[in-house]
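4 protein chains.
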Amino acid sequence: MLVIMRDHASQSQIKHVVDLLEEVGAQAHLSGGEVKTIIGVIGDREIVYSLELQGLPGVEEVVRVLKPYKLVSRDFQPEDTVVHLGPHSSIGGGAVGVMAGPCSIESEEQMMTVARACRAAGATVLRGGAYKPRSSPYAFQGLGVEGLKMLRAAGDETGLPIVTEVLDVRDAETVAQYADLLQVGARNMQNFMMLDELGKMGKPVLLKRGLSATIEELLSAAEYVLKGGNRDLILCERGIRTFETYTRNTLDLAAVAALKMLTHLPVIVDPSHATGRRELVSVMSRAGIVSGADGLMVEVHPDPEHAKCDGPQSLRPEEFDELMDGVRPLLDLTGGHMGWE
Amino acid sequence: MLVIMRDHASQSQIKHVVDLLEEVGAQAHLSGGEVKTIIGVIGDREIVYSLELQGLPGVEEVVRVLKPYKLVSRDFQPEDTVVHLGPHSSIGGGAVGVMAGPCSIESEEQMMTVARACRAAGATVLRGGAYKPRSSPYAFQGLGVEGLKMLRAAGDETGLPIVTEVLDVRDAETVAQYADLLQVGARNMQNFMMLDELGKMGKPVLLKRGLSATIEELLSAAEYVLKGGNRDLILCERGIRTFETYTRNTLDLAAVAALKMLTHLPVIVDPSHATGRRELVSVMSRAGIVSGADGLMVEVHPDPEHAKCDGPQSLRPEEFDELMDGVRPLLDLTGGHMGWE
Amino acid sequence: MLVIMRDHASQSQIKHVVDLLEEVGAQAHLSGGEVKTIIGVIGDREIVYSLELQGLPGVEEVVRVLKPYKLVSRDFQPEDTVVHLGPHSSIGGGAVGVMAGPCSIESEEQMMTVARACRAAGATVLRGGAYKPRSSPYAFQGLGVEGLKMLRAAGDETGLPIVTEVLDVRDAETVAQYADLLQVGARNMQNFMMLDELGKMGKPVLLKRGLSATIEELLSAAEYVLKGGNRDLILCERGIRTFETYTRNTLDLAAVAALKMLTHLPVIVDPSHATGRRELVSVMSRAGIVSGADGLMVEVHPDPEHAKCDGPQSLRPEEFDELMDGVRPLLDLTGGHMGWE
Amino acid sequence: MLVIMRDHASQSQIKHVVDLLEEVGAQAHLSGGEVKTIIGVIGDREIVYSLELQGLPGVEEVVRVLKPYKLVSRDFQPEDTVVHLGPHSSIGGGAVGVMAGPCSIESEEQMMTVARACRAAGATVLRGGAYKPRSSPYAFQGLGVEGLKMLRAAGDETGLPIVTEVLDVRDAETVAQYADLLQVGARNMQNFMMLDELGKMGKPVLLKRGLSATIEELLSAAEYVLKGGNRDLILCERGIRTFETYTRNTLDLAAVAALKMLTHLPVIVDPSHATGRRELVSVMSRAGIVSGADGLMVEVHPDPEHAKCDGPQSLRPEEFDELMDGVRPLLDLTGGHMGWE
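If you read the sequences in order, they're chains A, B, C and D.
For the first sequence, the working numbering assigns the number 1339 to the initial residue and increments by one for each residue that follows.
For the second sequence, the working numbering assigns the number 1339 to the initial residue and increments by one for each residue that follows.
For the third sequence, the working numbering assigns the number 1339 to the initial residue and increments by one for each residue that follows.
For the fourth sequence, the working numbering assigns the number 1339 to the initial residue and increments by one for each residue that follows.
It is worth saying that the hints were derived from the structure and are not from the lab.
Where hints are given, some of them may not hold.
Copies of the same chain look alike in the list, so a pair counts if it fits in one copy or across any two.
[What the hints assert, rightly or not] Taking lysine-lysine and the BS3-like style, the derived pairs with C-alpha atoms no more than 25 angstroms apart in a straight line are: (1) Lys1598 with Lys1565; (2) Lys1374 with Lys1598; (3) Lys1374 with Lys1408; (4) Lys1598 with Lys1408.
Produce the complete structure using the sequences and hints provided.
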């Protein structure tokens, strides 16, 4: 940690900071010029950081140079984490997983139709929402447990592992009874109680980046899950909120490339939510793979015009087919392979 | 709702949209120029909006002109909602409430000291965090129920009603046993399950704007609470996330003025979290009041340098005193009065 | 400057950085822990900063602790700068200036009518656009020199000094022949060649904050003008671009309060462009003054419905009257006075 | 255009809007429900848009459905524009151009070394900055005309066409004497006077997206150039400003894919400025090409540690070599070819 003093900070102001540091057992190294003094701090990270030096007289800025996460860091674990979902499906370490399915589970028939189409096209995981987070309380909120059963049945028939969102921490156990992969939505990325809970459960977790979460905050949220003992975590870039309104969100593919350097965890891309536009989903899927993503999450619906949510960004089965045809040749170039064996 | 067709959309594309609309019982009014056709839609709001027309062939854009909320709207209820917190304290309808206290409850002594200082300076509600949302799992997470007890004791002694955050929906009942006002933090603004739950409880709720939530999303989240039957809701502007890093967030005071026009609910301002800088808290408190806010939420700590969280933005008791001295004369000009009788 | 090395950076990587620093005559102070080394750098600011250490092997981050500006800083000049505009009008040092007038100059009659109304209501500077920056090349671009003459005539008749935008550096001389205050628009805030040119001219300058400019960038842009020798500079907060679309921009009043601490230059607020909504202009004017602003810039038009630009945010003369009535009583509280004598 | 009236707007308010529309010769089509009336407007675009209806009594919102640009639109010109730069180099219509070179021209030797290395690696255009826009007036500002001569010489020797920035409209003629492609930097994207000027000149133009410019604003700025008669325009996505600070900007590759649908103009990607990090440049170059970009703009420097600007994001020649090796195999998949013959 570094404490940067204001220009011409007084000796007593500097001494006060040093005293506070030494009080908690840290060492303070001063390097001062004519107008500016900088205090380098060495000591126990948790203790030093708990000091609230910013705002003290004479203190201009406190720079925390240590990252707020450990277990998720590639420094801590250099080799890629591979998350296994059932006997055939895996993500990470070169295995590219493709999660596909409808935004929301609407009926047994819809679910079964999509599942077969997704499997046929080469998806490796089946997605579907049973509990839907909706901005308006008047929008369709999902089928709940009935939906989970339909998703499970579709997964069983096609052999695809299933992923679905845990919207309420109180439902985590129930969802875990049905799903192979538990999704934490963007709006819950910093629902720390839920992260804690999922960290203690044995099921793999998919953590979506929050709408306005930095890369560091995403990794810190991931740390909550790993700290609980659960190492099977997949991250998902799904677009961030910016001033641009042409796309629903702004897909941050440089964050994908950066995350692959910073962490050993698998990272996937959700071009459906990121763009909100069907015509951009395929091309952004390919760009995501080339950016280093370990997989994709794509909305597929047999009849998007009648979808109960996110129709405009859902692909028809034949469009998803084309998407997969566009992705496969890229794997030769990236050195990856489809996460199915 | 309006459906804007692409330039030179074909007659069959237009007909397809009209058919889908009529299928659900809506009326479609076409107004077309040489290159562009626009379809005005009249019909049941929920049904029409459930159609997913965006992304259909020939459709350029779907404009939803109806707001996604009703009960919170000033069109629905023109007169100001006044939220009463205990026998003396109220917020809204001219009554200005000032919530003050430490970021986190650290000890009985700290809490009691702050409470007395806040009461003496004129605060009308006592705040304190027992469950703390922290980006890093290694940061101090709060004292939990022990903290609630300390806060309650301090409130009882000073006669101040107390507000504290519900971080986990599973704790809502417990927190409600102690607190007079239940706070939903910025990170939980779209935790819809929690909003649902709090909507069903009898306790007043304080809903903070999310870091990247629009005014419309804040009002939609508020609608969840009112829809559950709970009318005692206070909104809080606490800064939004932007590119500017000098302040912790960007305080959006025009949103306060806009909210006061759009909704009958009380709106308060949290200059501590918005700016993250002690030296800006007082001046932004005054600016908030002049913008039409019904109150403030301010962090006060007897010894900010040793605070366990948010020290840099916490006021010392004497600084809070000055803040109150700066706010009072403004009430003559705004026509408000302190929310304490 | 601080160079933060990666965890476990090698001795040769550290030595390489130190060598580069010593090569240019700087001193390197190492403070190292077990995993992390930090290099504090003391030396000539310009030279040290010209080194491109970021990106070197083993370097995690380079932190530049010195501000990129000097002359605009309150450290450099503690007392407020007061900008005098003609014999009666001044801004800064307690003098509050109110610049009012139409977005664009449309005719002699319009200009004269507005000028009289603004003067009557208490404006201290007359504004009007002769050269208009418009997103679309098909929108009205202003009357040019003819407009300048109309503005000058209206200023002369009412005794108000006039402010207008320099859109093209090639027009600076011409505009300076007519105007008392030369405005640099938000889109030109980092048009460094124009800043250079205006720095060399003798006329006072009004510099608007760019749509996505940080406080530091605004001050750095201001430094260009002062470096050229021109000390008569006024800054203007006019809203920044964020994800919120309800208002045209997000008015950043905490930036006003912060700027008043960081610089001695006068700072004004433009609530018209910031909000883009007539109904918010008055309240945000009052909030601006309370935030510490030295003045306002407000769009006033005799007939906003027929205005050639920015009608929705323009006040009618009687609304501007009310605005002024709302501002005056605040000056007693802020210790300011109208900038007219 | 659509005018959305407030709930329960009065008949006289509606009539007032209709009257204003009919006054300018437009037709108003009313489609009204019980609570809400919407007015569809058909008429001359420029005239209708010049009306300032927003802010009128009873008007909730004015939706402008027509795009503010024409000539740049793919509706207007379906086939790709191909920009030819000298006898061998072209961009657009499948031809992928790679512009490489240093951020700033520092010396004849530096320029010649880079030029040869770039040519050898397969660059199709040579870049170099002679006039540098720098946030701080104390930073290196470029060599000016001397730099242009060095760049020209390096271009002549290697046969590469050259691109360089026009920072000041007054230098446009001079720069055009040396350069084959005139760059408008991000900070000047809405310097409309410069766009006007370049629209009248015969030289191809490269227009970079502004830091906070929407896709629509970029296209509107492009319209200025085409409206002047100059059809040889290339757009460049170079990252937008968001809350994320890990990368210098946020590279918006979905904007590239969207632009390719909306306009016939070539679009390139600048991963150097977008990410600000050398280690991300290659991977984001590949992702850019897969997103549909017609080319790249990459900073290459023989000795980044001693570069006078942007060292951290500059590639060494051997790294640029690898970048090109990564890009070439992608062209088989995208159906493109290097823009050199």
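Consistency of the hints with the structure:
Within a single copy, Lys1598 and Lys1565 get their C-alpha atoms as close as 20 angstroms, which meets the 25 angstroms cut-off; across copies the closest is 43 angstroms, which misses it. In this homomeric assembly, Lys1374 and Lys1598 come within 25 angstroms of each other (Cα to Cα) only across copies, at 22 angstroms, whereas the closest approach inside a single copy is 38 angstroms. Only between protomers do Lys1374 and Lys1408 lie at most 25 angstroms apart by alpha-carbon distance; the minimum there is 14 angstroms, versus 32 angstroms within a single protomer. Only within a single protomer do Lys1598 and Lys1408 lie at most 25 angstroms apart by alpha-carbon distance; the minimum there is 15 angstroms, versus 40 angstroms between protomers.
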